[in-house]
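The lines below spell out each chain.
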Amino acid sequence: DAGVIQSPRHEVTEMGQEVTLRCKPISGHNSLFWYRQTMMRGLELLIYFNNNVPIDDSGMPEDRFSAKMPNASFSTLKIQPSEPRDSAVYFCASSLVSEQYFGPGTRLTVT
Amino acid sequence: GESVGLHLPTLSVQEGDNSIINCAYSNSASDYFIWYKQESGKGPQFIIDIRSNMDKRQGQRVTVLLNKTVKHLSLQIAATQPGDSAVYFCAENINNYGQNFVFGPGTRLSVLP
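Protein chains in written order, with my numbering: chain A, 636 to 746; chain B, 14 to 126.
Next comes chain B alone, as it looks inside the complex (with noise of 0.2 angstroms):
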């Protein structure tokens, strides 16, 4: 699957240094919040979610964390490692059912060796 494109932002980091990716949001409304991992070739997988009740939520070396103040999310990566290169989106649902996201542009994270 093609990865979105040339003008995507880049961010590009070290192998075993942490990697903050932000996004921000549009609605004010927005309750539930993904973030998603494209490879290259592949659609979108999930890494990690988060409700508009919390303000920080860690999984397995991700940690994201929310602003509702200024509708601001990011996603932290520890450790990056070279397989974490990838386009990363966040999505945004502002339904209580969790069916219609909005996807935010993407980011491609580079990891140098």
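One chain only, chain A, in its complex shape (with noise of 0.2 angstroms):
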């Protein structure tokens, strides 16, 4: 199995502009999770699904930002509008009993 997918690597836009990133979850899981990863507060949980279902949405910082997960095969996760301060890397991870796989991490940067 290639692991789980985040795409895209790298990601510079203007503030204002709206955002999404990609999770393709390893073949089989139930679980799929949503962090961001920044300097000041480390690695935060967003939002995590099980079976395609969000279950908790708590980390969500504010309506700017929305995930969804259409099928079990691919989720996104949107920022729209985005500010400077949602600059983070955004790892998506997986999982079918509790270890979670981390995928490679999509890094944004909100200018």
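In short, the hints are calculated from the structure, not lab data. Be careful, since some hints might not be right.
As a list, the in silico BS3-like pairs of lysine-lysine whose alpha-carbon atoms are at most 30 angstroms apart [unchecked claim]:
{"id": "1", "chain 1": "A", "residue 1": "K659", "chain 2": "B", "residue 2": "K55"}
{"id": "2", "chain 1": "B", "residue 1": "K69", "chain 2": "B", "residue 2": "K84"}
{"id": "3", "chain 1": "A", "residue 1": "K703", "chain 2": "B", "residue 2": "K55"}
{"id": "4", "chain 1": "B", "residue 1": "K81", "chain 2": "B", "residue 2": "K69"}
{"id": "5", "chain 1": "A", "residue 1": "K713", "chain 2": "B", "residue 2": "K55"}
{"id": "6", "chain 1": "A", "residue 1": "K659", "chain 2": "A", "residue 2": "K713"}
Build the complex from these two chains, which are given one at a time in their own frames, with help from the hints.
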């Protein structure tokens, strides 16, 4: 298996633009997680899905952030409009039981 | 991936020595713990886990110790190698489904030649 796949790996955008991050979990995994990592806050859970259903989105910072999982093999995290403080590395992870497998991350820079 | 930052605790060890990385967790109800390793430019990678009904678990060159009385977790790495240089995170989970983890701030391990 190729592991968790994220795209793009790097994204640079201007403040106010819409940003969409994509994730393909490991085939057969039933849970998917979106994390954000910054120097100031470390690794934070934003939202997770179980069997494509959002279970806990309490970590989503505000209404500008939204996440979807239309099927078992694809999820998106959207930021609209983006702001400079959204600059971070965004990780997607998937799991079957408890161990989470992380993707390589998307480094987002909002200028 | 960015491995967090300027204010991370750092542990420097000589190659071949043993390393001990410590973690204080926050919730006495946490029942499952995982140690992750994050190398520069990569996502966190599972190392070893332990449930709250155990106080010690061993893997290959790694041992995790759990002290529930003081809410403390440690990761011991035997015969530390240059490839062990990374940021190490402990993560705690408080529900039985093992889904929602809270990650610690991380410790940067630097292996000296």
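Hints and how they fare:
1. Distance hint between K659 of chain A and K55 of chain B is fulfilled; the C-alpha atoms sit about 16 angstroms from each other, no more than 30 angstroms.
2. As the CA atoms of K69 of chain B and K84 of chain B are separated by approximately 14 angstroms, the hinted pair is consistent with the 30 angstroms bound.
3. Restraint check for K703 of chain A and K55 of chain B: the C-alpha separation of about 24 angstroms stays at or below 30 angstroms, so the hint holds.
4. At most 30 angstroms may separate the alpha-carbon atoms for a hinted pair to count; K81 of chain B and K69 of chain B meet this at roughly 11 angstroms.
5. Proposed proximity of K713 of chain A and K55 of chain B is supported: the alpha carbons are some 22 angstroms apart, at most 30 angstroms.
6. Pair hint K659 of chain A plus K713 of chain A holds up; C-alpha atoms about 15 angstroms apart against a cutoff of 30 angstroms.
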